[in-house]
Amino acid sequence: MTWNGAVSPPRRGLGGAGWMRAIGRGAAIACVTFGGLALLAVTRLIERPVHGLHRPWTPYLAQAVCRAALRILGLRLKVRGTVMAGRGAVVANHTSWLDIYVLNARKRIYFVAKDEVAEWPGIGLLARATGTVFIRRDAREARRQQAIFEDRLGVGHRLLFFPEGTSTDGLRVLPFKTTLFQAFLSPALRDTLQLQPVTVNYHSPEGERPDFYGWWGNQDFGEHLLRMLAARRHGWVEVVYHPPLRVADFADRKALARAAETAVRSAFTGDGRRPPEIGASLESALQEGSAGPHS
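The letter at position 161 of the sequence shown is residue 161 when you use UniProt numbering, and the numbering goes up by one with no holes.
None of these hints come from the bench; they were simulated from the model. None of the values given here were measured: they were computed from a predicted structure. Treat each hint with caution, since some may be false.
Keeping only pairs whose Cα atoms sit at most 25 Å apart, straight-line, the calculated BS3-like set for lysine-lysine is [claimed, not checked]: (1) Lys78 <-> Lys107; (2) Lys177 <-> Lys254; (3) Lys107 <-> Lys177; (4) Lys177 <-> Lys114; (5) Lys114 <-> Lys254.
Required output: the full structure, derived from the provided sequences and hints.
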């Protein structure tokens, strides 16, 4: 699904300096990414036969690659809140492909992504190599995908879902789709699993549109990537980790989705406001999450 709820930004020429920045940054990020992937592949040859589904080493390599890529790009990362301890899953709002680098830079996680991501240049290779779970939004695939989720969560992998189902302009949070939350409620997981809501706020560089980092509608991936590489300066991104929700506290997937969505919205700054204190988010989520039906 593609979100088309806002007018896409006008296309602009990069200019000579922009092309130089794009080439320089692109080459540096490519070297870091493919060099990291080569090291990851070699490490995985040892890791797989010894640890199987468990990945005690390679997530650190993926995290290092993502941190380096953000530094090369010039996108500053600020973090609030505490990453949960123990077994659990993560849900976050979704602005663009940059979320992959931003969220992996701070926390060793495994993404759940639509199957087309596997074909994206560079990012698709990174996603496949780092254990991303690719899903097809097809009812006939639901049972098989449920089994994959249970297996991965069962061995301690922290899977990260984007419940909006699409990226946006970064100025809003779309209603969460509840289907994927069912995986958390299986008998094998619900009594011990935690779900941590995460809010991602992008702040545009001075002089740029508020939706500078958004990727939506008819924007081509290559075009957006080139625009990010060519930018004269970058802004910053804030990642807010909310207190985790105990899955066992919720009656069904809709109640759990409501609570997670409420927590994510509570620290979202798409309207330009400063987020409230994080400590209030969980109480708000629990209260509003049980307030009524969710579409």
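Results for each hint:
This hinted pair checks out: Lys78 and Lys107 have alpha carbons roughly 13 Å apart, not beyond 25 Å. About 9 Å separates the Cα atoms of Lys177 and Lys254, which keeps this hinted pair within 25 Å; it holds. Between Lys107 and Lys177 the alpha-carbon distance is near 24 Å, which keeps this suggested pair within the 25 Å criterion. For the hint pairing Lys177 with Lys114, the CA-to-CA distance comes to about 14 Å; that is within 25 Å, so the pair holds.
With a C-alpha separation of about 21 Å, the suggested pairing of Lys114 with Lys254 holds against the 25 Å cut-off.
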